[in-house]
Amino acid sequence: MITAASCARCLARPNLIIHLALNFEGIAMDTAIEVDDLVVERGKHPVLHGISTRIQRGVITGLLGPSGSGKTTLMRAIVGSQVVKAGDVRVFGYPAGSASLRHRVGYVTQSPSVYGDLTVGENVRYFASLYKYGATEAAAAIANVGLDGHEDQMVSTLSGGQRARASLACALVGQPDILVLDEPTVGLDPVLREELWRQFRALAEAGTTLLVSSHVMDEANRCDRLILIREGSVIADDAPGAIKTAADADDMDKAFLTLISAQGEKG
Amino acid sequence: MSAHILVATTGRILRQLRHDRRTIALLILMPTLLLTLLYFMYDGQEQAFNRIALIMLGVFPFIMMLLITSIAMLRERTSGTLERMFTTPVGKLDLLFAYGIAFGVAATVQAAVTALLAYWLLGLETAGSAGLVVLIAVANAVLGVALGLLCSAFARTEFQAVQFMPVVAAPQLFLCGLFVARPDMAGWLEGISNVMPLSYSVEALMEVGAHPSATGTMWRDLIIVLCVVVAALALGAATLRRRTP
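Residue numbers (our numbering), protein chains in the order written: chain A, 4 to 270; chain B, 7 to 251.
The shape of chain A in the complex, shown without the other chains:
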């Protein structure tokens, strides 16, 4: 709960009462992404069956579920590249994919989408220039993903993990308000994974909203909030601790299994 004493924005600004009023009314102030009754079909196959959720601003939300559960589809709907059958997706109050959002949303696909026939530096500098940033910001983004020293290497000669990081750097360089990351840590060694999560945390603390998908349950504990989906439906949407308590389990894997079997009995 945000109070006047803890809210830095209120302390910094004199119009505290308006801000408080907005917070107390629970208006979209702290909501970055709103998904309502989202239905998506791919081919003739239903992928998302009327999903609704809220994603808060400035926190890390984990999107977890088995492969094929609809994680990527939900992310594509949020960045506006998915054809949607029904429902509503809003980002900062604008319909997903609106022109005004394209400066503010960074999307990293699961398979790295960078140009193999360019060097790491050329890739990142190209994406930087789309947001009117220059070589300095590009170099910083490359360093942030631990690829400094590889600037002049062709992307096609990088390892899978390095390529994934090059792809991430291309999103970081735009300094987006929302980062949508589809399985960003797949294929990375534990040291790098730790390093990236530390960075995600730093970004969130600086006010960036992160939506990170994963099917590795131990990563769930690093998130502020979790959305568990299975077969296109949300089965849990809460803080990691609360989910574990609700499922009466001490680790995420067990909690997830308990929730699935509970859902199976209901269904």
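Among the hints, a few may not be true.
As the list claims (entries may be wrong) - Computed, partial: chain B to chain A, Cβ under 7 Å:
{"hint": "1", "residue": "21"}
{"hint": "2", "residue": "22"}
{"hint": "3", "residue": "86"}
{"hint": "4", "residue": "95"}
Said to hold, decoys possible - Below, computed lysine to any residue pairings styled on SDA-like, alpha-carbon distance capped at 25 Å:
{"hint": "5", "chain 1": "A", "residue 1": "88", "chain 2": "B", "residue 2": "243"}
{"hint": "6", "chain 1": "A", "residue 1": "88", "chain 2": "B", "residue 2": "160"}
{"hint": "7", "chain 1": "A", "residue 1": "135", "chain 2": "B", "residue 2": "99"}
{"hint": "8", "chain 1": "B", "residue 1": "98", "chain 2": "A", "residue 2": "45"}
{"hint": "9", "chain 1": "A", "residue 1": "135", "chain 2": "B", "residue 2": "248"}
{"hint": "10", "chain 1": "A", "residue 1": "88", "chain 2": "B", "residue 2": "244"}
No wet-lab data here; the hints were simulated from the structure. A quick note: this is a predicted structure, and the numbers were derived from the prediction, not measured. No residue lacks a Cβ here, since even glycine has one placed at the ideal position from N, Cα and C.
Put chain B on the given structure of chain A with help from the hints.
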């Protein structure tokens, strides 16, 4: 559309091309080698060589750019960079015009080198200036780019994309006046050739071949080709989808 994105994207495509040395070598040398082949085929028949070589100066850039553009665009699609691009501030027209400009620049180099060698080494003779020949060749290359971008929307794989080459290029090549003069064709064939852009660029080239200075017909033909380019790019933009199933 925005200028800085267009410039950045054009630069990016040219940089990709620059890293691909083999493609550059093929782009620049192939037309010259093929013209040399024609030169020996028409040994001693200067008039026939002049006519065919002149037309080929326009046809090569058209076919080559048609092919490489449709493959390049397909690679954007299959590598996921196209989808990613559309979540950034890049607009459809930024992307299409960037391809048009970048490959247009490549085609200018290609056409200049080919024309230079054709006039110098192979003794090509035209009544009009070589500069106009290069201009028309570049317009043809850009036509190839625009049609290639459009074709790539209808192909899901590179395998399909190359099949579009004969579909789009061969009828235009057959009916453009290279094999049979267009007025000598059956009426319905001439009618078809009248709606094909390559017919106009070949006519423009033949005007340069026959007249010492640029003619009204040549300019009209060039404008028709450029109108088709704009129309194909607009159609290309209309077939590009930000949202995909």
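Structure-based check of each hint:
1. 21: Check passed: Cβ of residue 21 (chain B) comes within 6 Å of chain A, closer than 7 Å.
2. 22: 5 Å, holds
3. 86: For residue 86 (chain B), the interface hint holds, since the closest Cβ of chain A sits about 3 Å away, which is under 7 Å.
4. 95: This hint holds: residue 95 (chain B) lies near chain A, its Cβ roughly 5 Å from the closest one there, short of 7 Å.
5. A:88 / B:243: Holds, because 23 Å separates the two Cα atoms, which is no more than 25 Å.
6. A:88 / B:160: 23 Å, holds
7. A:135 / B:99: Between residue 135 (chain A) and residue 99 (chain B) the Cα gap is close to 18 Å, so the pair holds against 25 Å.
8. B:98 / A:45: Given that 25 Å is the threshold and the Cα spacing comes to 24 Å, the pair holds.
9. A:135 / B:248: 22 Å, holds
10. A:88 / B:244: 21 Å, holds
Hint compliance for this structure: no hint is broken.
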